[in-house]
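Novice: Those protein sequences? They're chains P and S, same order as listed.
With my numbering, letter number 89 in the first sequence gets 89, and the count goes up by one each step, no holes.
With my numbering, letter number 42 in the second sequence gets 836, and the count goes up by one each step, no holes.
Don't read these hints as lab results, they were simulated from the structure.
Since the model is a prediction, treat every value here as computed from it, not as a measurement.
Cβ coordinates follow ideal geometry from the N, Cα and C atoms, glycine included.
Possibly wrong hints are sitting among the right ones.
One-sided excerpt, in silico: chain P residues whose CB lies under 7 Å from chain S [to be verified]:
#, residue
1, Gly-393
2, Arg-506
3, Ser-697
4, Thr-701
5, Val-718
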Amino acid sequence: MSALGGVVRAGVGRRRTQTVVLVLTTLVAVAASVVAAGVLTASRAPFEHAMAEGRGAHLAAQFDGDEVTGQELAATARVPGVTAAAGPFRTLRLRPRTLSESAALPAGVTLPALQVTGRADPGGPVDRLRLTAGRWATGPGEIVLAGDEWPLRPGDRLALPGAAGGPALTVVGLARSVTGTADAWVTPAQAAALSPGSGAVTYEMLYRFRHAGTEARMSAARAAIAGAVPPGALTGTRSHLVVRQEQLANALAFVPFVAAFGVLGLALSVLIVGIVVSGAVGAATRRIGVLKSLGFTPAQVVRAYVAQALVPATLGCALGVALGNVLAWPVLGDIDDVYGGAPASVPWWVDVAASAATLALVAVSALLPALRAGRLRTVEAISVGRAAAGVRGRTARRITGRLPLPRPVGLGLAHPFARPARSLTTAAAVAVAAVTVTFAAGMALTLGAVQSHRMLDSTAPVVVGTGGGQGPPGAQVVRAPGQPDRPAADPAEVAAVLRAQEGTRRFYGTARAEVGAAGVAGRTLVTGYEGDASWAAPDLVAGTWPTGPGQAVVTRRFLDAAGIGLGDRLTLTEAGRRTTVRVVGEAFFTENDGMTVLTPAGTLTALGVDAGPTSFYVQPYPGVSEDAYLASLNKALDDLGAYAHPGGDGSSDVIAAMDALIGTLTLLLVTVAGLGVFSTVVLDTRDRVHELGVHKSLGMTPRQVVGMVLTSVAGIGVVASTAGIPLGIALHHGVTPLMGDAVGMDLPGAYLAVYAPPVLALLLLGGPAIAVAGALLPAGRAAGTDAAGALRTE
Amino acid sequence: MTTTAPPLIDIRDVSRTYGEGPPALAGVSLGVRAGEALAVLGPSGSGKSTLLNLIAGLDRPSGGSVTVDGLRVDRLGESASARYRRARIGMVFQFFNLLEDLTVADNVLLPAQLAGVPRAEARQRAAELLARLGVERHAGAHPARLSGGERQRVAVARALMNRPPLLLADEPTGALDTASGDDVRELLAALNADGQTIVLVTHDLGLAASCATRTIELVDGRIVRDSRDVRPAVAR
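Take the sequences, apply the hints, and build the full model.
Specialist: What follows is the structure in structure tokens.
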């Protein structure tokens, strides 16, 4: 081993605490960076790859066949900007019923409505479908289902009661469309045969555009297509950006906050490396002098100290890459399911880039104190033996000496001024921890609010279902053998029971239906409210809750999908009837991916849909026992066939995963900051060993020594908290909306205003707590300083 | 003073070993009466500073007992030991051990502040001591601005702040020039003349001769000479 290698190895081995701190700090920085960059790149890559490979449709557009002809639609392929087009394809909406018993479903189960498209082959210039099982439909009586969405396999048979002739179809294959252009495909002739003899015919066109990377580009493309057909012909569109957001929203929502943790980790790395290497140089002045007297050049000394930081940092990088990949794995886990490709994983170059960037930062951070070591004059270094006691901080000591404080406390408070650079660096490290804790606390509170309000009607303590197999659209009640069908309860009778029930404070009912919504491809779920639902309404981002028929509330994701804004009108259609609602409010909820229209029940009535409530949401009076209320209510409802149960919804796995990741990263960063303080105080008490000996010879008790040392860092902690909390709040306010953007949602202001005075008061204690926790052990050691030995240290 | 009064310092069969090496002290027994000024002489490594540290409660004997002012110092825990030093011991060092970032007055005040002496009372006592030792004009200065002799006077003032019955001095003139050394020598003699019990460790035979009432000589951790009556002890 070379002389330089020996010096580096000895330095790393001798300062084990500092080595561990460096390993941990780089581990956290790299792990967070790998998760953020990895999720960002790995989650997008499979979609982009699938879009390119399958020539995925940038825009799937639906047209009203009464307003436009096939020839006119075919002509839209020549609209400027369109590079490829497929269609027109005839589409129908059908609800199949299983005829044969399969592995997962018995015969006789009605499936949710499917969008069935007539298409001759799976290839073509746009939306090349990938057959995952069986073959393509080539003749009558054959159907291909989309991907793995249905628990059916080739050979299973379906009835189509709503289609012309009510034919039976055999599933001959399963296929996957990258942008989900249909739920099932049949031959064009079969599609024509299935269409009702009269009524609206719907066509679908699929387009690829020269420029389709942004929402603005897609809006322009949509407008160009709409302009090429008669007014009112274009009834709905679905852009690949919306599809990508739907499929990747959960993964992409992780990126903003993990990236923030990555930046915090890198900042902490720089500070901790500065503290550790600076301290190492200060504590080893004599050693540096000896090395130089033995013939080490200044450059070799610099290399030795930079290497002493890089060796543990390299280990930290390797561990950080491993941890980052482990943490990213569950986030990326479901992406392979979406595209059916190889499991998504963090690209290798992200691991390399994150490590290289961190090591470069470590090297730069270590370079400054290492250069100081290189410049030390040999004679002075040997004669000084250790860092010369500073003469700074006298004014602070004089001032604190006049304060009515115990002297050890006064000495502790003044101490940071004796080594301002070290104190500032330590304060910055604790401030980063305070930023982290503030940010993490805010994130946890915001995610808690999201968790509580993401599902519609989840604040109602009691829910009453009218029974009779009623439930969300598409739900099918499969009864146990021998169980008789039971009709749904009369909503009016249920409402009467609720009004008569002792303890009922208020309630409202909801009905649900799938209808057409202008600008939105496929069917749109509409929830109609009967009664005052404002007390349990989803939190509003803007606008108001509907006060009457003709008004609606939707999410930003719906607004974007429909291409409308708050205050605009939205046309709803059903079986040839149409009605218009004005969007009076933008709400936040994630149920049904936020694509539900919330409106008074009268809107459904206007569409000719049965608006009788299928569920009632009830709030008993405060103080009423929920269990007793439910028991009593169920007794009263028993004859009607309705059933009451507690409200609320289970927790979200995604939010739980976010909380866990935030907790883990915060714990790691705070630990590193605490270890940074620990390292600083260890160095500091070593530097001050003689002073501590003097104090002890004068009668300073161990408790007073501990008090003095802890006070010296507690002051730093207070300053760090004061500086870190506003930065943490700003970070939270900056990152949270980005997470909302990732899922296409705006968050209500209340979800951001989570820093109430009690929270701030607790956070203010965070900095001192981290600093004191980090200093506790070395303070205890300082209290046990061998005073006799220390006094011999001149 | 009566000969029947118990000694202020009562050391019995004290030994102190460090690891596997030879004992720093081996079976030392020593009594020091109140008002005495004991000079501990001996070559380097003879155990002089170890003896002083044991009396100060900064170190613990491997065997034997150390009793000071009726208190078994060798049995004290860390906190009790600190309180003992605070109340009963004043220490003066070769290199002064003043805290460079505190003013002279703050250095002198420190023992009283650690003991929780009321502020006004402590300030008055510090002013008296600084005046008595002739360094009151330096009260607001930092130690680095003072001469060696002045710094040692400040150190003595600090040592006397809590009126300790025992003053321990470890080579108090070792880092001083001749004039300053004479200055400190006179100061210690005057303190002893006023009744202050002093134990001083020194190589300086002149210092021992001028201000000690008794000398002992240590060699290899053992007392090889105990010379009483170099100068009669001053009766209180």
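Novice: Taking the hints in turn, state whether each one holds.
Specialist: Now the hints, each set against the structure:
no., hint, verdict
1, Gly-393, "6 Å, holds"
2, Arg-506, "65 Å, violated"
3, Ser-697, "5 Å, holds"
4, Thr-701, "4 Å, holds"
5, Val-718, "22 Å, violated"
Checked against the numbered hints above, the structure breaks hints 2, 5 and satisfies the rest.
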